[in-house]
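K.L.:
Use these hints to put chain B onto chain A, whose structure you have.
Heads up: the sequence lines are chains A and B, in that order.
According to my numbering, numbering within the first sequence proceeds without interruption in unit steps and concludes at 307.
According to my numbering, numbering within the second sequence proceeds without interruption in unit steps and concludes at 1173.
Derived by calculation from the structure, the hints in this document are not laboratory data.
Keep in mind that the hints are not guaranteed to be accurate.
[Claimed, not checked] Per label pair, the in silico range of CB-to-CB distance: (1) Asp1132(B) <-> Phe95(A): 48 to 58 Å; (2) Asp1115(B) <-> Pro70(A): 35 to 45 Å; (3) Asp99(A) <-> His1050(B): 30 to 40 Å; (4) Asp132(A) <-> His1171(B): 30 to 40 Å; (5) Ser1160(B) <-> Pro70(A): 27 to 37 Å; (6) Gly1113(B) <-> Arg79(A): 28 to 38 Å.
[As the list claims (entries may be wrong)] Straight-line C-alpha distance at most 20 Å; calculated SDA-like pairs for lysine to any residue: (7) Lys153(A) <-> Arg1112(B); (8) Lys44(A) <-> Ser1059(B); (9) Lys142(A) <-> Thr1043(B); (10) Lys153(A) <-> Gly218(A); (11) Lys110(A) <-> Lys142(A); (12) Lys153(A) <-> Glu1089(B); (13) Lys153(A) <-> Pro1026(B); (14) Lys142(A) <-> Arg1112(B).
[What the hints assert, rightly or not] Partial selection, computed: residues in chain B whose CB lies under 10 Å from chain A: (15) Ala1034; (16) Trp1068; (17) Pro1076; (18) Val1087; (19) Arg1093.
Quick reminder that beta carbons are idealized off the backbone N, C-alpha and C, glycines included.
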Amino acid sequence: MRPSQAPGWLVLGLVPALVVFALVALPRGAAAFVCSRVTDSQGKETGPSLSWRTRGITYTLFEGGTNDIPGDEEFAVLRTSFSAWEEVRECDLPFVQSDIHFMENPVRSKVDRIGYDFVNPSANENLMIFRDASWPIPGQQKTVIALTTTTYKPVTGEIIDADIEFNTATFNFVVDAAVQPSGTDLGNAATHEIGHLLGLGHVLDNPDSTMAPTAQTGETSKRVLHCDDKQGLVFKYPSGAANGYCNPPVASCGYCAPPGALTARPTVTVVDTHDDPGGCAAVPGATGLGFVGVGFALGLARRRRRG
Amino acid sequence: MRLLAFVLLLSLAGATALATAVRIAPLDELARDADLVALVSSTPLSEESHWEGGRIVTSVELEVEEVWGGAALTRPTIRVVTLGGQVGEFAQRVDGAAVLPTGERLVTFLARGDDGRYYPQGMWQGVWLLVDDGPDPIVARAHPYGLPGGAALRMPERLSDLKLAVQEARHAP
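Chain B with its partners taken away, still in its complex shape:
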């Protein structure tokens, strides 16, 4: 599966320009605009979906491994909100919304809302999946609703290269 994902991400690396639902944000824009860029463990410490008005949102508490950009955190965990989820006999889907697959390590580009919670920048574009377990793993944007299993990947980077690029973008004048 990982090999398949790798082949897919290579084949998709040249995907260009705009998505119909979302504009593809360049990495430097994602890094600059994010209030927090962090390597997180996606095993949720807590997770719940609830109604906010007519929308169902899912709020996940994640453990932060390393902050790459943004203000220092006062706690080792953050709460990330994604669109969609299930509450009782109702469920909601938003195509293009970020999905935080459990049991993975992720690089997250997050916007901080007025409510203090974090939201993925550019929906699925703000969640990058570590594709392998090596010392310097490949990391790539994860499109949640693409292939069965949700592993359509694009723009692969080595984790160390991505971190460097993020830090350079955030320090650029």
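The following block holds chain A by itself, in its conformation from the complex:
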């Protein structure tokens, strides 16, 4: 028997509404994710959440890899680390998932450019590079294991480039620290750094989280996302819905409100809630449930048009 299918209007109208309802209204475990945000002149994170506009992010491997790891195994580890952040579902709400996905540039880069080339924006790559010879920043050689440099637009928080450097000059990276516990597990470090690449910050109150800032030598647990990491990713990039930082029209537009109180109240102005699908428009005081109402209204409107 052929399975019954939901009408299109139902899918288009109700599913996004249900997703948003689930994200804002259903009881969940205590959130312990942190969104990286635009900092103010004091270095305090009070601005928009840093997020990619696209859900498909291309990364580029720097050719040559590292001599720490034989063959091309380091690239396989990096691919696995990226895939850890794909098809992520919330632990408490497994029907809610993120649609972030990664694509590997088939051409490996020969250009050692960390940061951003604003003169030639199309030349920028989200580069993964191993520093076998030396570490480029004074004062970091002995302590920095890996570094993510994220370039963004400070007005919107939109991430436009992110590069990850691994300090293979100092640290002995290994494919599997479970087998070589005196080594630095590449997957453990890479999965954490990719969290930064996605706009997630350090989680302090859960040492099991991939985004926890501390780890033991030989640790491998950060290869696997914890529920907090999954919740953060789904909040920021919910499948089939707008980023959890901008456009839906909620008071926290432009800001990643959970899990803690904001250190500064956002000043939100109603500009336009209809014309700019990528823009940031908000209604002061609007609630998440209010947006669910908007979602249902959209669904009904689609139904009437089709009717």
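P.N.:
Frame of chain A, contents of chain B only:
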């Protein structure tokens, strides 16, 4: 806020071993490796961010209150470079980079680059924040990107104890 910070630093004092992004350097290592350890006022005499290649860095000129270790300075100010900042319509963030909060007193562990500028040793680990205003204040490493407001603190010390520990580490054989 200060009380909250104090409670937090006590709770975090036992944090161990390695960070994913950075290895936690013991205090004696920080003190030994630094080219300059100094108590500074973080009210910037000047501050600007600019591009260096593809990186944005922020250069801050700070007033030195007291040198705890390193060569004597020819000027009462130093220029400290941190990763990240904003230039026009672009901004850059490096998780774990040191932040120099304005209007505070800081103990800084700095490496001197070939360009003569100073860089925080071990990123955020090289900047310690004086947590209170007492005669012998508590001082602790400040993690810039932790809690809202950037006040996750660890390894608290009294200022006098920290100074003694730094000097002992730098004079140890």
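K.L.:
Next, verify each hint and record whether it holds.
P.N.:
Against the structure, the hints come out as follows:
1. Asp1132(B) <-> Phe95(A): 48 to 58 Å: 49 Å, holds
2. Asp1115(B) <-> Pro70(A): 35 to 45 Å: 37 Å, holds
3. Asp99(A) <-> His1050(B): 30 to 40 Å: About 37 Å separates the Cβ atoms of Asp99(A) and His1050(B), which means 30 to 40 Å holds.
4. Asp132(A) <-> His1171(B): 30 to 40 Å: 35 Å, holds
5. Ser1160(B) <-> Pro70(A): 27 to 37 Å: 51 Å, violated
6. Gly1113(B) <-> Arg79(A): 28 to 38 Å: 35 Å Cβ-Cβ, so the 28 to 38 Å window holds.
7. Lys153(A) <-> Arg1112(B): 31 Å, violated
8. Lys44(A) <-> Ser1059(B): Cα-Cα ~18 Å, so holds.
9. Lys142(A) <-> Thr1043(B): The given pair, whose Cα atoms are some 29 Å apart, is violated under the 20 Å limit.
10. Lys153(A) <-> Gly218(A): 36 Å, violated
11. Lys110(A) <-> Lys142(A): Cα-Cα ~26 Å, so violated.
12. Lys153(A) <-> Glu1089(B): 6 Å, holds
13. Lys153(A) <-> Pro1026(B): 36 Å, violated
14. Lys142(A) <-> Arg1112(B): Satisfied, since the Cα-Cα distance of roughly 15 Å is no more than 20 Å.
15. Ala1034: 8 Å, holds
16. Trp1068: Hint violated; Trp1068(B) Cβ to chain A Cβ min 17 Å, cut 10 Å.
17. Pro1076: The hint is violated - Pro1076(B) has no Cβ within 10 Å of chain A, the shortest such distance being about 22 Å.
18. Val1087: 9 Å, holds
19. Arg1093: 5 Å, holds
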